[in-house]
Amino acid sequence: MNCAETQELIHGYLDSELDLVTSLDVQRHLQQCATCMQAYKNHRIVQAALRTSGLYAEAPPTLRERIRALTRDEMESESPAPAKAEPLAHRRPWQVLAVAASLALVAVTAWVLARATSSRPGGLLAQETISSHVRSLMAEHLTDVASSDQHTVKPWFTGKLDFSPQVKDLASQGFPLVGGRLDYLNDRPVAALVYRHRQHIINLFVWPEAEQPSAPEKMVSRQGYHLLHWAAGGMNYGAVSDLNEAELREFAYAFQQ
Amino acid sequence: MGKPQELSPFEEIVLPHLSAAYNLARWLTCNDTDAEDLAQEACMRALKFFGSFHGTNGRAWLLAIVRNTWYTRLQKCRVEEAGTPFEEEIHSGSHPSPDSAALLIAAEDRELVRQALEGLPVEFREVVVLRELEGLSYRDISEIAQIPVGTVMSRLARGRRQLQAQMAARMQEKD
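Protein chains in written order, with this note's numbering: chain D, 1 to 257; chain F, 1 to 175.
With the rest of the complex left out, here is chain D (with noise of 0.2 Å):
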């Protein structure tokens, strides 16, 4: 090994980062050359100043809490929160998301119910009422009474439906209610109750059928959306989201109970 290489070896030599092999070469040019032994010194005498210079800036406490309390924000609106009495926040990333899969919901809705009620009357009317409801989803219309709290949700309906949709409280499930809205599907107003699972939206539409007290489930999927369709007590139920379908299920299964 000669000078040249040395020179160029050194500082792998210095960081250790040398096969055992080349680092005893380079240890033994350096027990034998002066002049490279004297760059090796300096070098290690800038290494030592540079570690023990106090140069480490250690993060300054009040930006670890404050990454802290801004991370836990983040990770609460991923995660079951407990049931609160006061409306949620309204800047909340996934509220974004939401808009964007309203729409995608609606249309989905819309041919879904128009295939499984293809024998009620005012299929085309459905249509023409869900344009002018995508129309008021475009701003930002997810929920008309944004709460987590069945006892706000639930009352919120009286007189404006003919009928009193049960709202269920899933938040220990990982379900947590966002809000209600009215809505109109064939034809009829019906209730949009609104819960949210990590960062998808589900909207369950509610309505009275009078013709099938229950039916079984039926689960249709179209461009990426699911709707899960049953009926129970009198009700039809049709809960649709981006979530996947085993999670659909789930969350049916715990509306269910």
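For the record, the hints were derived by calculation from the structure and aren't laboratory data.
Any given hint might turn out to be false.
[Claimed, not checked] Simulated crosslink set (EDC-like; lysine to aspartate or glutamate; CA at most 20 Å straight-line): (1) K48(F) to D73(D); (2) K48(F) to D144(D); (3) K41(D) to E108(F); (4) K48(F) to D162(D); (5) K41(D) to D109(F).
[Stated by the list, open to error] The following residues of chain D were derived to be distant from chain F, with all beta-carbon distances above 12 Å: (6) H11; (7) Q31; (8) D169; (9) D242.
[Stated by the list, open to error] Here are some chain D residues the structure puts well away from chain F; computed CB gaps all over 12 Å: (10) N42; (11) P60; (12) R72; (13) Q150; (14) Y184; (15) H200; (16) A232; (17) Q256.
Virtual Cβ for every residue (Gly too), placed ideally from N, Cα, C.
Put chain F on the given structure of chain D with help from the hints.
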């Protein structure tokens, strides 16, 4: 506030490296306020992209985000306005090493060492910081800075040579 104090995977894997993130941020931006902003922004981006992190080296991953965030956003550092640009051509190659004794004395002056490091061009400075202050391997540095390992070595070499020369020069100025 009644919330469970269990740590999420993000808090366990990434947040312990906040100081590393801040340290790199501080040496990239050269001031405390910008460093805090940069570290915070990087942490929030890390949280957002945590789903795509499948490795085990949370520190290197977070530092890569710090560096990447900085290069695409903030790029203002005092050194670009600092006095004479260092004429590396004169000082590279086989010029004699400074006197060890003088260097030792210079090394004891913390402020002098700090200024010497701040005086490095940022491409050298970041590699020196990651190596000497953060103790990262060449491979980790290469991933964080997105450069081949050979470039890590050559930037380290040039950074270290400049540091030596700067320290010796500033020492002489003091006399």
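Tested hints:
Pair hint K48(F) plus D73(D) holds up; C-alpha atoms about 12 Å apart against a cutoff of 20 Å. Of the supplied pair hints, the one linking K48(F) and D144(D) is violated, its CA atoms being roughly 29 Å apart against a limit of 20 Å. Proximity of K41(D) to E108(F) is assessed by CA-CA distance (about 15 Å); at most 20 Å being required, the pair is judged to hold. The hinted pair formed by K48(F) and D162(D) fails the criterion: a straight-line CA distance of about 44 Å is larger than 20 Å.
Between the alpha carbons of K41(D) and D109(F) the distance comes to roughly 18 Å, so the proposed pair stays at or under 20 Å and holds. A Cβ of chain F approaches the Cβ of H11(D) within 12 Å, the least distance being about 5 Å, so the stated non-interface status is violated. Chain F leaves Q31(D) outside its interface by the beta-carbon criterion, the shortest separation being 17 Å against a cut-off of 12 Å. For D169(D), the condition that its CB be more than 12 Å from all CB atoms of chain F holds, with the nearest at approximately 17 Å.
No beta-carbon of chain F comes within 12 Å of the beta-carbon of D242(D); the shortest separation is about 16 Å. For N42(D), the condition that its CB be more than 12 Å from all CB atoms of chain F is violated, with the nearest at approximately 5 Å. With a least beta-carbon separation of about 7 Å from chain F, P60(D) fails to lie farther than 12 Å from that chain, contradicting its non-interface assignment. In this structure R72(D) is not separated from chain F by more than 12 Å, as the shortest Cβ-Cβ distance comes to only about 7 Å.
Every Cβ of chain F is farther than 12 Å from the Cβ of Q150(D); the closest lies at roughly 20 Å, confirming the non-interface assignment. With a least CB separation of 36 Å from chain F, Y184(D) remains clear of the 12 Å interface cut-off, as annotated. The beta carbon of H200(D) is kept farther than 12 Å from every beta carbon of chain F, the shortest such distance being approximately 14 Å. Every Cβ of chain F is farther than 12 Å from the Cβ of A232(D); the closest lies at roughly 34 Å, confirming the non-interface assignment.
The Cβ of Q256(D) lies farther than 12 Å from every Cβ of chain F, with a closest approach of about 28 Å, so its non-interface assignment holds.
The structure is inconsistent with the numbered hints 2, 4, 6, 10, 11, 12, although it conforms to all the rest.
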